[in-house]
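There are 2 protein chains.
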Amino acid sequence: MSVQDLSRFSINQMTVKQLPLPELVDSCLALGVRSAGLWREPVRAYGVTATARLFRDAGLTVTTLCRGGFLTAPDPAGRARALDDNRRAVDEAAALGTDTLVLVSGGLPAGSKDLRGARERVAEALAELGPYAEARGVRLAVEPLHPMYASDRCVVSTLAQALDLAERFPAQQVGVTVDTYHVWWDDNAPAQIARAGAGGRIHSFQLADWTTPLPAGVLDGRGQIGDGSIDMRAWRALVEAAGYTGPIEVELFNDALWARDGREVLAETAARFLEHAA
Amino acid sequence: MSVQDLSRFSINQMTVKQLPLPELVDSCLALGVRSAGLWREPVRAYGVTATARLFRDAGLTVTTLCRGGFLTAPDPAGRARALDDNRRAVDEAAALGTDTLVLVSGGLPAGSKDLRGARERVAEALAELGPYAEARGVRLAVEPLHPMYASDRCVVSTLAQALDLAERFPAQQVGVTVDTYHVWWDDNAPAQIARAGAGGRIHSFQLADWTTPLPAGVLDGRGQIGDGSIDMRAWRALVEAAGYTGPIEVELFNDALWARDGREVLAETAARFLEHAA
Numbered sequence: 001m002s003v004q005d006l007s008r009f010s011i012n013q014m015t016v017k018q019l020p021l022p023e024l025v026d027s028c029l030a031l032g033v034r035s036a037g038l039w040r041e042p043v044r045a046y047g048v049t050a051t052a053r054l055f056r057d058a059g060l061t062v063t064t065l066c067r068g069g070f071l072t073a074p075d076p077a078g079r080a081r082a083l084d085d086n087r088r089a090v091d092e093a094a095a096l097g098t099d100t101l102v103l104v105s106g107g108l109p110a111g112s113k114d115l116r117g118a119r120e121r122v123a124e125a126l127a128e129l130g131p132y133a134e135a136r137g138v139r140l141a142v143e144p145l146h147p148m149y150a151s152d153r154c155v156v157s158t159l160a161q162a163l164d165l166a167e168r169f170p171a172q173q174v175g176v177t178v179d180t181y182h183v184w185w186d187d188n189a190p191a192q193i194a195r196a197g198a199g200g201r202i203h204s205f206q207l208a209d210w211t212t213p214l215p216a217g218v219l220d221g222r223g224q225i226g227d228g229s230i231d232m233r234a235w236r237a238l239v240e241a242a243g244y245t246g247p248i249e250v251e252l253f254n255d256a257l258w259a260r261d262g263r264e265v266l267a268e269t270a271a272r273f274l275e276h277a278a
Numbered sequence: 001m002s003v004q005d006l007s008r009f010s011i012n013q014m015t016v017k018q019l020p021l022p023e024l025v026d027s028c029l030a031l032g033v034r035s036a037g038l039w040r041e042p043v044r045a046y047g048v049t050a051t052a053r054l055f056r057d058a059g060l061t062v063t064t065l066c067r068g069g070f071l072t073a074p075d076p077a078g079r080a081r082a083l084d085d086n087r088r089a090v091d092e093a094a095a096l097g098t099d100t101l102v103l104v105s106g107g108l109p110a111g112s113k114d115l116r117g118a119r120e121r122v123a124e125a126l127a128e129l130g131p132y133a134e135a136r137g138v139r140l141a142v143e144p145l146h147p148m149y150a151s152d153r154c155v156v157s158t159l160a161q162a163l164d165l166a167e168r169f170p171a172q173q174v175g176v177t178v179d180t181y182h183v184w185w186d187d188n189a190p191a192q193i194a195r196a197g198a199g200g201r202i203h204s205f206q207l208a209d210w211t212t213p214l215p216a217g218v219l220d221g222r223g224q225i226g227d228g229s230i231d232m233r234a235w236r237a238l239v240e241a242a243g244y245t246g247p248i249e250v251e252l253f254n255d256a257l258w259a260r261d262g263r264e265v266l267a268e269t270a271a272r273f274l275e276h277a278a
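Taken in sequence, the protein lines are chains E and Y. Residues 1 to 278 in UniProt numbering are what the first sequence spells out, letter by letter. Residues 1 to 278 in UniProt numbering are what the second sequence spells out, letter by letter.
Bear in mind the hints are in silico, worked out from the structure with no lab data behind them. On a predicted model such as this, the values are computed, not experimentally measured, just so you know. Ideal Cβ positions, reconstructed from N, Cα and C, are used throughout, including at glycine. Among these hints, one or two may not hold up.
[Claimed, not checked] Which residues of chain Y face chain E? A partial, calculated answer using Cβ under 7 Å: (1) Ala110; (2) Lys113; (3) Pro147; (4) Ala150; (5) Ser157; (6) Trp185; (7) Trp210; (8) Thr212; (9) Pro213.
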């Protein structure tokens, strides 16, 4: 495969989380992969400045930082902690040289049945974080997660809901992440992708395939590209018809992939991208 | 609790599937439960005619038969088998004296990524089954299942999709099932419930609560009423504001409940209904 074919491909670090950062960089260089989306925890363990230098020296682009969010705490102390943590995430994104911080909104507070109220608290947090991020050249990318995560992880379940939140703010502050895994079932998603593109709000585009049976907890069963039910080319075409020309991250949470050699998984993932999404 | 308080309550047989049919009937009578939704497999094992007599003699109402459907096979032989089986399900519903057959549409055929095509095959099947059902006094109640089942169980994931299908046919042939477990995350569901009610298409209303973590396979983790994230009174109010005055079935698929004494679970379920949904 050529660098040209992979020019839009970005490997999300979670897909190959078994690779330490220097090995991730080496593997990308060896395979002609030019971009990666990073996660806060491994970056902070390695050091934010050291990670930024590692990628800059290798000539690799950091496409997103995953992730901020978890903004639904109802109590003032919990809210303040979440906002502090998200400002740090913005700072880390800026230091890494990426313009995009992916946000996962957070679930219902313990004992709550109030989805609408929780979504409203996300909006309140975005009002505080948006200007902070913009001042540092970082855009917030609200990611709707599949409705199966609505109670415990993300009260924003559809692109329509994510855009209803994002459109309260300037596009250079708040947009959305389109992840095939989370939206593929939604016959309203194509229209929402067009809406997001028209507003310049597709800040990140991620791929994962839908495979069953889902594992317990439903977190770590995202399928390798081509293994599942999602027509990747069709979704890529929708996102590009909406004007998106940015990186396409493959982000898989998958116990079976994590148990394998990370370089091999990265090579397979790039090959699957070329086969099913290029 | 009084019979009056439970007048709208119906126990779906699946909630207490450990109870043989005669024990289910005895338990209902002992607790003042007047209605039950039945499932085809245990009914056929006991005998359709014998089941009908059992319920009639006890003065109990059969609120629904679960379930027909699985209508997405693309090949002629598979389609013919599915239609034959659904005509039998209609006959069984009529024999049991219920006017409502719940339909679960079916998932994607093996290897397919075409959700839209599968949904269209459901519509084609409804066109054949609707008149057959109407002639026997049975209404088809298309049940949208949570989007986590879209690939392997039900390509109809939202009330909007279910109504888009149902509204191609007369309301006395095809309506929808509203099940809190499947729609609770959907901020578009309240408007769709109003739409369904205005068209006389709420043919069944079922309750189950949303609890996490989800078990592997995500089938048998439906929470007892009151244990999860769903505001049952709010959903009941929406359905009743849309004009629905029919039975309210509690349908739980839950390994922990199935491991317990069935009469105790039925008593608990009725009590939870009174506490959280009455």
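Hint-by-hint comparison with the structure:
Here the hint on Ala110 (chain Y) is broken, as its CB sits about 10 Å from the closest CB of chain E, past 7 Å. Below 7 Å, beta-carbon pairs count as interface contacts, and Lys113 (chain Y) has one with chain E at about 4 Å; its hint therefore holds. A hinted interface residue such as Pro147 (chain Y) counts as satisfied when its beta carbon comes closer than 7 Å to some beta carbon of chain E; here the least separation is about 4 Å, so the hint holds. At a threshold of 7 Å, the smallest CB-CB gap from Ala150 (chain Y) to chain E is about 4 Å, leaving the interface hint in force.
Because the beta carbon of Ser157 (chain Y) sits about 5 Å from the nearest beta carbon in chain E, less than 7 Å, this interface hint is met. The beta carbon of Trp185 (chain Y) is positioned within 7 Å of a beta carbon in chain E (closest approach about 4 Å), and the interface hint is therefore held. A least Cβ separation of about 6 Å between Trp210 (chain Y) and chain E falls short of the 7 Å threshold, and the interface hint therefore holds. Checking Thr212 (chain Y) against chain E: minimum C-beta separation of about 5 Å stays under 7 Å; hint holds.
The beta carbon of Pro213 (chain Y) comes within 5 Å of a beta carbon in chain E, closer than 7 Å, and the hint placing it at the interface holds.
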